[in-house]
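Quick note, the sequences are listed as chains A and B, same order.
Following the numbering used here, the residues of the first sequence are numbered contiguously, the last one being 229.
Following the numbering used here, the residues of the second sequence are numbered contiguously, the last one being 1130.
Calculated directly from the structure, the hints in this document are not laboratory data.
Glycine included, every Cβ here is placed at the ideal spot set by N, Cα and C.
Hints should not be assumed to be uniformly reliable.
[Said to hold, decoys possible] Cβ pair distances, simulated, as ranges: (1) A:Asp199 / B:Gly1116: 42 to 48 Å; (2) A:Asp73 / B:Val1019: 50 to 56 Å; (3) B:Gly1059 / A:Asp131: 29 to 35 Å.
[To be verified] From the derived model, a few chain A residues whose C-beta atoms are all more than 12 Å from chain B: (4) Ala3; (5) Leu29; (6) Asp39; (7) Leu58; (8) Arg60; (9) Pro68; (10) Val77; (11) Glu112; (12) Thr174; (13) Leu202; (14) Ala213; (15) Phe216.
Chain residues, written in single-letter form:
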Amino acid sequence: MRALGAEVRDVEKVDVLITHLHMDHIQGLPFFSPLHDPDIWVDVWGPVSSHQSLQERLNRYLSPPLFPIRIRDLESVAFHDVAPGEFHLDGIQVTADLVSHPGPTLGFRLEEGGRALTYLPDHEPALGAHDFPNDSYWTSGYALARGADVLIHDSQYTDEEYAERLGWGHSSYTHVLGFAGLCEVDRLMTFHHDPGHTDETLDEAHVRLQQAARGFEVIPGTHGAVIEV
Amino acid sequence: MAQQPLELILLRQLASHLVIPMWMMDEQGNLIYYNESAEGLLGVHFDDVGPINSEQLVGKWQVTQMDGSPLPDYDFPVVVALSKHKPAHRSLRFQGLDGVWRAVEVTALPLEGQDGRFLGVLATFWEVDD
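Just chain B, same shape as in the assembly (with noise of 0.2 Å):
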């Protein structure tokens, strides 16, 4: 694809000037952004590994439930605005590539342009107490 569609360009736009982390994907599930904010909590700047398409995402990062337990695929937010087109949230523990682990709320939304075209996936992330 030479260009990106019109929806993401202007997201992206606007991700980069705020300072929630926020992590976008076209609507093949490749990871196209994330913001500066992001960066901080994912242990790596977005330039020095990304874009990362779909299969290199999966196991990029380890992602566990708030107990340590595994988290299937299919229950991350991500992967639900992705698959299903609907809203998604829950808390979880990920590693960092810093090696840092970290708690955070994730919230992932579908992107939905006019006309029902499906463009990806935002989402927007806290850290927490772990």
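So that you can see chain A by itself, here it is in the shape it has in the complex (with noise of 0.2 Å):
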């Protein structure tokens, strides 16, 4: 975020759209420039409580003694409680639902000119599911993915490190296989990869996964990756 941050330049309203409050998807917000210049307004959307406001609950990091600037002291900010349904920016039509991982947690499905993104960072589809992958019904993030031209999708563990972390809400990288399929996307882009795998382990299981993919293309989530939906 905050690398992101820097190459916003020329624009006067930034979205941030957030699928939930665990750490690792929220550590980089307060450090995300445009949140810091009152030139730039930011409205950040994060998944609804039916406790407390996104802002409430973003406060506990976003505030001594875990940081040393308060939400308030922030000019030019605004945060969206999304429930289930849809919403517009700008012109893009941003569907969320609710999916399987611990806590209240979001997908986000962005559509514009029949094009279509769906973001699925953290998602375990196949927990406790006895049919996965062959029943849409009854398959977490199928409404969000389904026909996709890029999915971005969790692709956290190999099928040994799942059985042992079943629950922990990620997929294994058959899985993930599984789940594009189902879902008929044309591009998966593998993600939020375990931070204990290296280089060497990440391009190995890009290659199993290239091979394995039946109808749609793999592609490596990779650190500054842009794609073209």
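Dock chain to chain to rebuild the complex, using the hints, since each chain is given by itself in its own frame.
Laid out in structure tokens, this is it:
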């Protein structure tokens, strides 16, 4: 987020979509420089809770002693609680829905000009399912990812690792291939790699995923990657 | 609908792993799932009859009070949970589709997601001595 913020120039407004509030998904937020630029308006969108607003929940992190600057000191930012449904951002239709991950977690589908990108960075659709990936009606995330031109999806574990981390909210390589196939996407970008995996491990996994994919292309998610939808 | 809400997906997954009979309806009152344990009481495999929409559900199973007298639809625990969004419990007798009458305790709970979204009803039932 720090590097991305440095590239935001000559714009008046930025939208930030947050799937959920686990630390690895919000820790970069206070370092996103547009938040501290009064000439840029920032709208932050995140999952609704019945108990506290998005701003109240983010306040726990964006306040002393964890962070020196309080949210109330930021001049040009607004926080929006997102329930499952649709909203529009500058001509882009955004569909949000809850997906399988510990705690309320959204996935997003962004559509414009007949093209669709789906973002499911933390997702365990196979959890407890007897017949995954064969029943779209009972598969988390299906409605968001169906027919997407690009699916950015959790690809954290090998099958062996997943067996020991059931319920942690992430997918094995086998699961992400099955999910992408069920949803009939065009391109799958693997994402949310396990921090313990080396570049060599990821390169090897990518080769195996490419070979195993049927009907869609696999793109490795890499830092700073840019894809055209 | 292309896909059920996540809360119902997770609940179905849990129910499929439990031996407590469980019955699930969506927010429209359509029967969308019951588990293997419930199949034993209801007298039919879910996949043989379900899903069942709310209109077709009326009268599918004959239900009476414990003394055999008629039980109005509006007193069914699942109907109370569905219409009033409140939990409900009662004893009743019903005839499974295998023809066997059984006495059960039924508890129905309304399912509400974040932001107050009503999602449907979960019911559990225990067979008791007649």
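Okay, the hints, checked on the actual structure:
1. A:Asp199 / B:Gly1116: 42 to 48 Å: Distance hint for aspartate 199 of chain A, glycine 1116 of chain B holds at roughly 46 Å.
2. A:Asp73 / B:Val1019: 50 to 56 Å: The hint (50 to 56 Å, Cβ to Cβ) holds, given that aspartate 73 of chain A and valine 1019 of chain B are roughly 55 Å apart.
3. B:Gly1059 / A:Asp131: 29 to 35 Å: Given range 29 to 35 Å: holds, Cβ gap about 31 Å.
4. Ala3: Nearest chain B Cβ is 33 Å from alanine 3 of chain A, so the label holds.
5. Leu29: Per Cβ check, leucine 29 of chain A is outside 12 Å of chain B; nearest 21 Å; holds.
6. Asp39: 33 Å, holds
7. Leu58: The assertion about leucine 58 of chain A holds, with a minimum of 16 Å to chain B.
8. Arg60: 18 Å, holds
9. Pro68: Holds: least Cβ distance 31 Å, greater than 12 Å.
10. Val77: Correct as stated: the minimum Cβ-Cβ distance to chain B is 22 Å, above 12 Å.
11. Glu112: Holds: least Cβ distance 20 Å, greater than 12 Å.
12. Thr174: Label holds. Min Cβ-Cβ 18 Å, cutoff 12 Å.
13. Leu202: 29 Å, holds
14. Ala213: Holds, because the least Cβ-Cβ distance between alanine 213 of chain A and chain B comes to about 22 Å, which exceeds 12 Å.
15. Phe216: 19 Å, holds
Checked against the numbered hints above, the structure breaks none of them.
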